[in-house]
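Engineer: Listed here are the chains, written in short residue letters.
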Amino acid sequence: MIKNKSLVSINDFSKDEILRIIELAADFEANPDQPLLRGKVIASLFFEPSTRTRLSFETAINRLGARVIGFSDVNATSATKGETLKDTIIMVSNYADLIVMRHPLEGAARYASEQSRVPIVNAGDGANQHPSQTLLDMFSISKTQGHLDNLKIAMVGDLKYGRTVHSLLMAMSYFNPKFYFVAPDELKMPQEYKTFLDEKGIEYEEHTDMADVLPEADILYMTRVQKERFSDLLEYEKVKNTYVLRNSMLDATKPNLKVLHPLPRVNEISTDVDQNPKAYYFKQAENGVYTRMAIIASILGVK
Amino acid sequence: MEQKELKVSAIKNGTVIDHIPAHNLFKVISLLGLADIPNQITFGTNLESHKLGRKSIIKVADKFFADDEINKIALVAPQAKLNIIRDYEVIEKKQVTIPDEVVGYVRCFNPKCITNHEHITTRFSVVSKDPLELKCHYCEKVTSEKEMVII
Numbered sequence: 001m002i003k004n005k006s007l008v009s010i011n012d013f014s015k016d017e018i019l020r021i022i023e024l025a026a027d028f029e030a031n032p033d034q035p036l037l038r039g040k041v042i043a044s045l046f047f048e049p050s051t052r053t054r055l056s057f058e059t060a061i062n063r064l065g066a067r068v069i070g071f072s073d074v075n076a077t078s079a080t081k082g083e084t085l086k087d088t089i090i091m092v093s094n095y096a097d098l099i100v101m102r103h104p105l106e107g108a109a110r111y112a113s114e115q116s117r118v119p120i121v122n123a124g125d126g127a128n129q130h131p132s133q134t135l136l137d138m139f140s141i142s143k144t145q146g147h148l149d150n151l152k153i154a155m156v157g158d159l160k161y162g163r164t165v166h167s168l169l170m171a172m173s174y175f176n177p178k179f180y181f182v183a184p185d186e187l188k189m190p191q192e193y194k195t196f197l198d199e200k201g202i203e204y205e206e207h208t209d210m211a212d213v214l215p216e217a218d219i220l221y222m223t224r225v226q227k228e229r230f231s232d233l234l235e236y237e238k239v240k241n242t243y244v245l246r247n248s249m250l251d252a253t254k255p256n257l258k259v260l261h262p263l264p265r266v267n268e269i270s271t272d273v274d275q276n277p278k279a280y281y282f283k284q285a286e287n288g289v290y291t292r293m294a295i296i297a298s299i300l301g302v303k
Numbered sequence: 001m002e003q004k005e006l007k008v009s010a011i012k013n014g015t016v017i018d019h020i021p022a023h024n025l026f027k028v029i030s031l032l033g034l035a036d037i038p039n040q041i042t043f044g045t046n047l048e049s050h051k052l053g054r055k056s057i058i059k060v061a062d063k064f065f066a067d068d069e070i071n072k073i074a075l076v077a078p079q080a081k082l083n084i085i086r087d088y089e090v091i092e093k094k095q096v097t098i099p100d101e102v103v104g105y106v107r108c109f110n111p112k113c114i115t116n117h118e119h120i121t122t123r124f125s126v127v128s129k130d131p132l133e134l135k136c137h138y139c140e141k142v143t144s145e146k147e148m149v150i151i
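Those protein sequences? They're chains Y and S, same order as listed.
Counted the way this note's numbering counts, the first sequence spans residues 1 to 303.
Counted the way this note's numbering counts, the second sequence spans residues 1 to 151.
Don't take each hint at face value.
Partial selection, computed: residues in chain S whose CB lies under 8 angstroms from chain Y [stated by the list, open to error]:
#, residue
1, PHE109
2, ASN110
3, LYS112
4, CYS113
5, ILE114
6, HIS117
7, GLU118
8, ILE120
9, THR121
10, CYS136
11, HIS137
12, CYS139
13, GLU140
To be clear, the hints were calculated from the coordinates, so they are not data collected in a lab.
Just so you know, even glycine gets a beta-carbon here, dropped at the ideal spot from N, CA and C.
Take the sequences, apply the hints, and build the full model.
Structural biologist: Rendered as structure tokens:
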């Protein structure tokens, strides 16, 4: 099903395909050294820097026994001479068996998938899509809760611009969740996503205070409230400390609650939370490697 | 009715496109590529209309549009009506319909969309017809009627 298919948007994968990736990720976690792709070459094209995502993908590729070609600094490439994305992709697709790419422009991965002879895995296209992040979030949720069905998921912080929360919302919609959206007025969940949930008959509540939802949640998905998102800086000053999670706030929460965050974290989760067994964000990042092994192995048809 | 028709001279054979909002006349001309064809074309604009306030009308001699060609104008003239003329007689009346897919004639409003940076044919799916909303195949952002720019 997934074989030879590009992964550009989370919407490209069906429910069964998502479940398949999660199952494979668990398998890779149990046995991380499976050099199934020995002799393959995978291109890692980072047109904008992203240390965490690039290292995670390249670790996944190395653990699968394939070789990596590519760049992490666009200034060292012909793009600075004015080469088009189309030409770069056509050229690299003649060298490699699969292309992992990150690009600052939205839609770049979709366009690349139409030009390339080999599958494209989107590692982020501007503010648009970052599907491997969504799949690793799903894997983390499934692993910590034992299943994906009927969960109560609180999303906190920047719900307006945060692509990770939008993609997670879409993908989780297959599993009858209930959502709690906690955000300042300026950064509320956009109407299009609420309409999507209404149409699917999925419950959600909107709050401005995290304390209202903490006792209910199975998953607390934190995101960063960025100063530059506010038109009114006074408004930012008013809310900046409202969306910070402190260790004491986790006392009255469910025993199965896990705190997720796509990272990098700045100050929205105070460091005293790190030692709490409910903190899961570093493990979540590790899960990214197994999830990306699962994505690449299934697209190249070895799993 | 008769008098209105006379404001723009009659054609023997061809297509009359009526009920174009006056402010979108030149968009219709550009969408249909009328500036680049050798046919005789007459048009009137700022004509009185009960429905639209001010409307435009275009008469293109010896030209009969294919449905997918004419439906392009539905984005800027959703109430447009076509009269197909043969030998000075109206032999068929048609309405335009908004297509499900819009390929190559609308710009994506998102400045960070790849289609605004490389030479790429734009592609949208029509997610809503009223109000008009076009979802970009590439960046997945929705361009509304207000933000819509015809290429």
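Engineer: Are the hints correct? Go through all of them and say.
Structural biologist: Checked hints:
{"no.": "1", "hint": "PHE109", "in the structure": "12 angstroms, violated"}
{"no.": "2", "hint": "ASN110", "in the structure": "6 angstroms, holds"}
{"no.": "3", "hint": "LYS112", "in the structure": "5 angstroms, holds"}
{"no.": "4", "hint": "CYS113", "in the structure": "5 angstroms, holds"}
{"no.": "5", "hint": "ILE114", "in the structure": "4 angstroms, holds"}
{"no.": "6", "hint": "HIS117", "in the structure": "6 angstroms, holds"}
{"no.": "7", "hint": "GLU118", "in the structure": "5 angstroms, holds"}
{"no.": "8", "hint": "ILE120", "in the structure": "6 angstroms, holds"}
{"no.": "9", "hint": "THR121", "in the structure": "10 angstroms, violated"}
{"no.": "10", "hint": "CYS136", "in the structure": "7 angstroms, holds"}
{"no.": "11", "hint": "HIS137", "in the structure": "7 angstroms, holds"}
{"no.": "12", "hint": "CYS139", "in the structure": "4 angstroms, holds"}
{"no.": "13", "hint": "GLU140", "in the structure": "6 angstroms, holds"}
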